[in-house]
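Colleague: Chains A and B supply the protein sequences, listed in that same order. Numbering (the working numbering) for the first sequence: 1 to 308. Numbering (the working numbering) for the second sequence: 309 to 662.
These are calculated hints, taken from the structure and not from any lab test. Keep in mind the model is a prediction, meaning the values are calculated, not measured. We put the beta carbon where it would ideally sit given N, CA and C, even for glycine. Incorrect hints may appear among the rest.
[As the list claims (entries may be wrong)] Far from chain B by the CB rule (all over 12 Å, computed), these chain A residues:
(1) ARG33
(2) SER55
(3) ALA57
(4) ILE145
[Said to hold, decoys possible] Label pairs and their computed distance ranges (CB to CB):
(5) PRO374/B x ALA274/A: 48 to 56 Å
(6) SER468/B x LEU112/A: 42 to 50 Å
(7) PHE306/A x GLU368/B: 50 to 58 Å
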Amino acid sequence: MTAASIRFTRDPKRERICVTPEGIALTFVVATRSARLGALLIDYMILLFGSIFISIAMGMILGGIGSLVDAKPAGAAEFVVALWVILWFVAWNGYFMIFELSARGATPGKRLTGIRVAARPASDHEGSARLTAEAVIARNLLRDIELFLPLILVMSAPSGAGGPAGLAATAWFLVFAFFPFFNRDALRAGDLIAGTWVVEAPRTKLADALSVEGAAKGASSVTGATYQFGDAELSIYGEYELQTLERMLRDGQQEALEAVHTAICTKIGWSPGAGDERAFLEAFYAQLRAKLEGDMRFGKRKADKFSA
Amino acid sequence: MKAPILSGLFAKKALAPPPDIEAAALRSDRFRLARQGDWERLEQIVRTMESGRLRRLSDEDVVELPTLYRTAASSLSVARETSLDAATLAYLESLVQRAWFQVYGPRQGFFRWLGGFLGGGLSAAVREIWLEILIALAVMVAGAIAGWLLVSGNQDWFYSLVPSGLTGDRVPGASREALLKSLDTVKGPSGLSFFAAYLFQNNASVSILAFALGFAFGVPTLMILLKEMATLGAMVWLFASKGLTLQFVAWLSVHGTTELFAILLAGAAGLHVGRSMAFPGDRSILAATAESGRRAAIVMAGVVMMLIVAAILESFVRQLVGSTLDRFLIGGSMLALWCTYFFAFRRDPTGDYQ
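Using the sequences and the hints, build the whole thing.
Modeller: Below, the structure is given as structure tokens:
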């Protein structure tokens, strides 16, 4: 999720409640498999192009050393090659670990898709643990057999050198690739070993309070009229409609506001005028919310217009 | 010298002036406006921590973080029961979660972790998987014996057991001199650092594989250990057939005691994971697997460290030290060192570790 968007609609299938040590229920939303795939592709692109760039740079340094023929620079060339081998190893093994150990718990790809790694609680409705270095190491060591190893075998399969090994590798690759589809929390094999999961990391900005401005607190600035709704008029809608209205008001699309305005007027039996839709809706929103919140304090909730 | 532009860019944004609480028409919005300042302060601290610029946090911020976190968390509980403002609820949920990750996040830095790891954490983890180490050791010994027996029965086995890239002159029928020469030192250290880097990379891959395949209930791990050790058994047979057992073992021991120990630990770590998946005991399979996976990961971090040592020994020390006795001394003392560190060093890791 990007910073601006607000989760009005949620997928309850992906929500998990965890209780913190203070006894507060936190809702974790398991990341979608497509978000994870997207993150993985971005990360591999970064790694691949980064590695190629470094290789080219080192090749140029080697070429430069090679041109100093008189100096017999074998030691320097060797140093560059050794450095290159080690850099390659560190990059492909360390990239994920270093980023996932940082305070955001996410690689650049995961950051872009708005997800992060977190420790998975041992059972439902239990306190979540902290993400340890060991867990991050474990989940990333498994990446080798989940992806690199079968991919290398699969790529060598068409040449026929591997024979049945190519087929076996394809099967192997598919088992791990589809692993997240066969469990509730979309865990891959590495998550299972490490006791981690990948969750959404929404960074929502605080939107303005709707009842502070406009007609919510009184008269319309356009016509000067003050809209007052009776109890019967307000009791036809519930929380779902209130949140839809909130989204409309925050989006501020004129056509949408007009349509909602007409719909509400028809429903409560007013004759819809034109030109003062926003003030009408602001007043309606504030009064409907005041009523629903008032009922809430007495333990009465109305989910939507269909509930009693 | 001042850098006005930079300091302007990175300066903390001034918080907005306190809102006019009385202006709000709704009770829940007044509740929100009264606490909004605290939430935004918390968000600013969390954002700084997330970007890794911990030094930019003032002492005040650090002290207040837990308080602000609890305030926001209790605001969330209240808002859930009293407010129908979806935007505020979504904001609070995300803020409290982000703050929770920071308050309960891994607050130890890398070096603190390394200190705990080297100062007891690693040896404790190795001791905890002693049973798997014994199993892996038994399998490795069996593999070496099997390799020896196979090759001594039929020399053709040698070519299927030993990868051709490894052999060079070292094949059945080679002369004693050729074999002895292959154990010799090389003149000068040229080419060795590249060799070391390559060896490390290669051995680390084999170890990671042995660990990761433990996921399939440990069976492939055992097969890898058998196969690697059968290769070794075949090589020992080759040198023994020309009466060079002692020289070969000495040559091998320089780095082999470290390297084989590392592969042993990697295999044991893989087995540990596989075993807890097959026999989780009274815990759930997921919980058992996660617990053993994390323990095994500590061991694997140690394995990588050992392999770096092994690669340095293999490419420098082994190539430069020629005498059989010296080679045995180096290999033997490395073995003694590792055993002491893993099994006799029983300091508890510092409190925050794990």
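Colleague: With reference to the structure, classify each hint as holding or not holding.
Modeller: Taking the hints in turn, this is what the structure says about them:
1. A cut-off of 12 Å between C-beta atoms confirms that ARG33/A is not in contact with chain B; the least separation is 19 Å.
2. No Cβ of chain B approaches the Cβ of SER55/A within 12 Å, the least distance being about 15 Å, so the stated non-interface status holds.
3. Distance check on ALA57/A: its Cβ is at least 18 Å (rounded) from any Cβ of chain B, clearing the 12 Å threshold; non-interface status holds.
4. Its beta-carbon lying about 4 Å from the closest one in chain B, ILE145/A breaks the requirement of being farther than 12 Å from that chain.
5. For the pair PRO374/B and ALA274/A, the beta carbons lie near 54 Å from each other, so the given range of 48 to 56 Å is met.
6. Range check, SER468/B to LEU112/A: about 48 Å between beta-carbon atoms, so the 42 to 50 Å window is met.
7. PHE306/A and GLU368/B have their C-beta atoms about 51 Å apart, which keeps the hinted 50 to 58 Å range intact.
Consistency with the previously given hints fails for number 4 only.
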